[in-house]
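Next come the chains, spelled out residue by residue.
There are 2 protein chains.
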Amino acid sequence: MTFSVAAPHAKGKFATDKIFGANAAAVKAVAQVGKEKVTNATIGAILDDNEKLVCLPTVEKVFRDLPTNEIIAYAPIAGLPEYLDSVLDAAFGNSRPEAYIKAVATSGGSGVLHHVIWNYSAIGDTVLTSDWYWGPYKVLCEDALRKLDTYTLFDEQQNFNITAFEAKVRSLLSKQDNLVIIINTPAHNPTGYSLKDSEWDSVLAVLKECSKNGKNIVLVVDVAYLDYAGERNECRAFFSKFSNLPANILTVVAYSMSKGFTMYGQRTGAMIGVSSNEDVIQEFADINQYTSRATWSNINRACMRVLATIYNNQQLLAQVEKERNDFYTMIKERADIFTQEAKQANLAMLPYVAGFFLTIPAANPDAVCNQLHNDYIFAVPLAKGVRIAVCAVPAVKIKGMAGKVAKAIQENK
Amino acid sequence: MTFSVAAPHAKGKFATDKIFGANAAAVKAVAQVGKEKVTNATIGAILDDNEKLVCLPTVEKVFRDLPTNEIIAYAPIAGLPEYLDSVLDAAFGNSRPEAYIKAVATSGGSGVLHHVIWNYSAIGDTVLTSDWYWGPYKVLCEDALRKLDTYTLFDEQQNFNITAFEAKVRSLLSKQDNLVIIINTPAHNPTGYSLKDSEWDSVLAVLKECSKNGKNIVLVVDVAYLDYAGERNECRAFFSKFSNLPANILTVVAYSMSKGFTMYGQRTGAMIGVSSNEDVIQEFADINQYTSRATWSNINRACMRVLATIYNNQQLLAQVEKERNDFYTMIKERADIFTQEAKQANLAMLPYVAGFFLTIPAANPDAVCNQLHNDYIFAVPLAKGVRIAVCAVPAVKIKGMAGKVAKAIQENK
Chain A
1 MTFSVAAPHA
11 KGKFATDKIF
21 GANAAAVKAV
31 AQVGKEKVTN
41 ATIGAILDDN
51 EKLVCLPTVE
61 KVFRDLPTNE
71 IIAYAPIAGL
81 PEYLDSVLDA
91 AFGNSRPEAY
101 IKAVATSGGS
111 GVLHHVIWNY
121 SAIGDTVLTS
131 DWYWGPYKVL
141 CEDALRKLDT
151 YTLFDEQQNF
161 NITAFEAKVR
171 SLLSKQDNLV
181 IIINTPAHNP
191 TGYSLKDSEW
201 DSVLAVLKEC
211 SKNGKNIVLV
221 VDVAYLDYAG
231 ERNECRAFFS
241 KFSNLPANIL
251 TVVAYSMSKG
261 FTMYGQRTGA
271 MIGVSSNEDV
281 IQEFADINQY
291 TSRATWSNIN
301 RACMRVLATI
311 YNNQQLLAQV
321 EKERNDFYTM
331 IKERADIFTQ
341 EAKQANLAML
351 PYVAGFFLTI
361 PAANPDAVCN
371 QLHNDYIFAV
381 PLAKGVRIAV
391 CAVPAVKIKG
401 MAGKVAKAIQ
411 ENK
Chain B
1 MTFSVAAPHA
11 KGKFATDKIF
21 GANAAAVKAV
31 AQVGKEKVTN
41 ATIGAILDDN
51 EKLVCLPTVE
61 KVFRDLPTNE
71 IIAYAPIAGL
81 PEYLDSVLDA
91 AFGNSRPEAY
101 IKAVATSGGS
111 GVLHHVIWNY
121 SAIGDTVLTS
131 DWYWGPYKVL
141 CEDALRKLDT
151 YTLFDEQQNF
161 NITAFEAKVR
171 SLLSKQDNLV
181 IIINTPAHNP
191 TGYSLKDSEW
201 DSVLAVLKEC
211 SKNGKNIVLV
221 VDVAYLDYAG
231 ERNECRAFFS
241 KFSNLPANIL
251 TVVAYSMSKG
261 FTMYGQRTGA
271 MIGVSSNEDV
281 IQEFADINQY
291 TSRATWSNIN
301 RACMRVLATI
311 YNNQQLLAQV
321 EKERNDFYTM
331 IKERADIFTQ
341 EAKQANLAML
351 PYVAGFFLTI
361 PAANPDAVCN
371 QLHNDYIFAV
381 PLAKGVRIAV
391 CAVPAVKIKG
401 MAGKVAKAIQ
411 ENK
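Quick note, the sequences are listed as chains A and B, same order. The opening position of the first sequence corresponds to residue 1 in this note's numbering, with each subsequent residue numbered one higher. The opening position of the second sequence corresponds to residue 1 in this note's numbering, with each subsequent residue numbered one higher.
It is worth saying that the hints were derived from the structure and are not from the lab. Glycine residues also receive a C-beta, built at the ideal position from the N, C-alpha and C atoms. Check before you lean on any hint, since a few could be wrong.
Unchecked claim - Derived DMTMM-like pairs (lysine to aspartate or glutamate); straight-line CA-CA distance at most 20 Å:
#: 1; chain 1: A; residue 1: 52; chain 2: B; residue 2: 70
#: 2; chain 1: B; residue 1: 52; chain 2: A; residue 2: 70
#: 3; chain 1: A; residue 1: 138; chain 2: A; residue 2: 17
#: 4; chain 1: A; residue 1: 13; chain 2: B; residue 2: 279
#: 5; chain 1: A; residue 1: 322; chain 2: A; residue 2: 49
#: 6; chain 1: B; residue 1: 11; chain 2: A; residue 2: 286
Said to hold, decoys possible - Which stretches of chain A does chain B cover? Using the computed rule of at least three CB atoms under 8 Å from a CB of chain B, they are:
#: 7; segment: 62-69
#: 8; segment: 114-120
#: 9; segment: 133-143
#: 10; segment: 286-292
To be verified - Computed footprint of chain B on chain A; a stretch qualifies when at least three of its residues, placed anywhere within it, have a C-beta under 8 Å from a C-beta of chain B:
#: 11; segment: 243-256
#: 12; segment: 300-307
Please model the complete structure; the sequences and the hints are all you need to start from.
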């Protein structure tokens with residue numbers, strides 16, 4: 001028994017990071033056998049075909065041209081006003097919901113989840129997401145003394161499992177007054193799935209029906225990979241469905257500049273509240289600004305100014321969209337190669353649509369990943385599968401990978 | 001009654017910011033009568049004698065020379081290792097305590113307080129600070145469902161009121177198992193006071209005595225203004241007193257780059273745990289890293305790299321210290337003018353030693369501040385006094401100010 005001075009609820013917390021461990025193994029292998037022979041499919045950031053971390057050139061230019069004041073001055077607690085305006089365009093594009101809408105700046109998408117969990121669930125409540133989920137969702141809930149429960153994401157036809165979703169929503173709403181639901185779409189991490197428009201209709205129909213008892217539903221849409229999800233307007237069309245929802249359903253869009261602006265380390269995002277009720281949105285702005293003051297005080301001014309500058313200059317915006325689209329295409333080509341080879345090798349994949357990652361279901365993910373190390377392939381073992389970061393692996397190294405994964409799965413059943 | 005969907009504990013939160021309000025009034029006056037006539041003593045950042053926001057030139061150069069990767073890549077959750085090393089030198093200088101020590105990166109000094117309150121007090125506990133305190137301490141406690149209590153900072157001789165301090169420590173420890181105490185020194189906001197070495201001895205003697213019952217004391221030393229507190233080594237000498245404290249006293253230094261590196265808007269700080277017990281420091285690293293993952297994920301890599309770069313280059317460090325010292329001298333001259341004129345005007349000030357702010361006790365602070373608006377002087381009304389930001393007001397505008405404050409105090413008793 002070690003000596004502890006933490007408060008009782010905080011004792012024993014410890015984060016193990018499988019992604020970090022897998023990446024460390026890859027880095028070690030590079031040191032041993034050289035970069036050429038190693039495939040590092042663990043990194044959640046875009047690397048180009050020379051395996052160099054990508055920064056969108058126009059974003060970098062705008063960042064480097066910022067005047068000193070914009071780098072060093074405090075921002076208002078809620079965020080720079082010009083950023084809070086522009087971020088609505090960046091998120092919604094042509095599909096802004098008809099609703100009351102306000103944004104509050106956050107530390108990336110993680111910061112959005114922190115605030116929503118803290119302000120819209122009670123201590124002890126259960127938050128809901130799908131069984132394939134980004135691991136930190138659980139840490140975010142548990143550190144805040146909430147629980148995380150999951151529904152089965154896919155049905156047998158690999159479509160969104162609306163039956164499983166509805167059952168969990170009903171069950172949790174029978175036990176608690178507020179239900180926070182996190183849906184990561186489009187281009188879901190780790191599977192690359194995007195809810196179809198018809199699936200969104202079903203989800204919202206369930207929520208409307210379930211909200212009739214007067215309890216509160218807070219639907220968080222984590223759109224971290226929105227800018228690599230497909231055609232700009234098409235993949236944003238679902239946002240307009242958040243118009244005219246009942247007042248006790250609040251939609252919160254978790255927006256992040258990390259991927260869309262390749263500004264991962266700058267820690268800048270926004271929570272965007274959408275409601276048919278003006279009170280709900282004023283409360284959203286008030287209580288989340290209050291929690292910001294009580295958490296990180298204010299958000300990185302420089303990175304907010306970058307987004308506002310780009311969105312107030314059509315030429316810059318067009319350049320950023322062009323640059324980003326080129327990398328979207330690069331990632332798509334990599335995923336296409338893997339998908340085709342997987343078919344040939346009879347390797348079952350989860351239904352990838354777009355995004356940084358694709359996932360292979362596996363009974364023994366750790367054993368599969370370990371065996372892949374023999375071929376100097378490094379991927380991330382999840383609870384029920386293996387995650388491959390197509391954002392980070394050049395096409396030339398993707399070739400042949402699916403066959404090796406199929407073999408490792410076959411031999412580790 | 002407005003419609004609400006927040007969790008019960010989160011309803012009704014709303015931050016009013018007197019500092020923002022006072023600054024807004026000053027900005028409005030500048031628009032009306034011109035910059036020359038207006039004295040804006042509300043801003044908590046260094047402005048030079050032309051009222052331009054100061055950035056230390058070497059810090060800016062290092063920041064602007066960063067390679068792209070250092071701007072955009074994610075940092076490890078706990079912080080860049082080189083930053084976590086260098087920040088100990090930056091904080092402690094020659095006076096590093098003999099103790100187990102670990103650092104975790106945070107969003108400025110506010111982020112330190114967030115983590116300490118969350119991990120080292122229980123929900124419902126009371127946190128202790130002095131009656132003159134930075135307003136957000138209360139927001140930090142209340143958002144986390146803790147309370148804030150205060151002791152009287154000064155005795156009748158304007159020294160640290162050790163009797164009042166001890167009484168509150170004993171009283172709170174009789175009611176709860178963990179006590180978080182926040183002491184903002186040296187160069188306290190809002191008074192400019194610095195605990196003398198002998199006062200630190202008394203504080204630590206009280207804490208050692210009170211810790212004998214086995215309860216846990218977490219002493220947070222908020223050193224936000226450390227780099228403008230006087231001679232570098234002298235004003236750090238108190239850190240060595242944190243050596244060899246009992247295992248159930250944890251010291252946490254709240255370090256911030258905001259003022260010392262004039263990087264306010266970059267949101268980079270560190271919590272530094274100091275304990276005689278290795279378990280306590282391992283727990284400190286583990287649980288706070290976990291809370292970081294669950295709050296902001298990771299911290300601005302670029303700004304961490306700036307500090308690490310400067311501290312690994314003696315020439316850069318010498319330049320930064322020279323530049324910073326010039327601004328320290330500038331602020332000191334401004335405070336000296338005010339102090340001398342206050343004496344001549346029989347204006348009672350709280351005991352200013354160093355730092356960004358000085359404070360005049362007042363029975364009716366709002367009325368005093370409003371009357372000063374007639375002279376286009378804008379200061380921040382506190383609960384029991386008026387705060388004047390000498391960091392932001394040129395010497396030429398400081399001249400004559402004390403007399404006007406004295407008059408306003410006299411006429412608003």
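**OP:** Examine the segment 286-292 of chain A: at least three residues should have C-beta closer than 8 Å to a C-beta of chain B.
**Re:** holds (count 5)
Original post:
Taking only the CA atoms, is the gap from residue 138 (chain A) to residue 17 (chain A) under or equal to 20 Å?
Top reply: holds (12 Å)
Original post:
Is the straight-line distance between the alpha-carbon of residue 52 (chain B) and that of residue 70 (chain A) 20 Å or less?
Top reply: holds (13 Å)
Original post:
Taking only the CA atoms, is the gap from residue 11 (chain B) to residue 286 (chain A) under or equal to 20 Å?
Top reply: The given pair, whose Cα atoms are some 10 Å apart, holds under the 20 Å limit.
Subject >> Cβ contact check, 8 Å cutoff: the segment 300-307 of chain A against chain B, three residues minimum >> reply: holds (count 3)
Subject >> Proximity test - 8 Å, beta-carbon atoms, the segment 114-120 of chain A to chain B, at least three hits >> reply: Since 4 is at least three, the answer is holds.
Original post:
Per the coverage rule (Cβ-Cβ under 8 Å, at least three residues), is the segment 62-69 of chain A covered by chain B?
Top reply: This one holds; 4 residues, not fewer than the three required, reach chain B with a Cβ under 8 Å.
Subject >> Assertion that chain B covers the segment 133-143 of chain A - criterion: three or more residues, beta-carbon distance below 8 Å >> reply: With 5 residues closer than 8 Å to chain B, the segment 133-143 of chain A meets the three-residue bar; holds.
Original post:
Does the structure keep residue 52 (chain A) and residue 70 (chain B) at a Cα separation of 20 Å or less?
Top reply: Roughly 13 Å between the alpha carbons, so the hint for residue 52 (chain A) and residue 70 (chain B) holds.
**OP:** Examine the segment 243-256 of chain A: at least three residues should have C-beta closer than 8 Å to a C-beta of chain B.
**Re:** It holds, with 3 qualifying residues against the three required.
Original post:
Holds or violated: are the alpha carbons of residue 13 (chain A) and residue 279 (chain B) at most 20 Å from each other?
Top reply: Within the cut-off at roughly 13 Å; holds.
**OP:** Starting from residue 322 (chain A), check that the Cα of residue 49 (chain A) is at most 20 Å away, please.
**Re:** Status holds; Cα separation ~18 Å.
The structure is consistent with each of the numbered hints, conforming to all of them.
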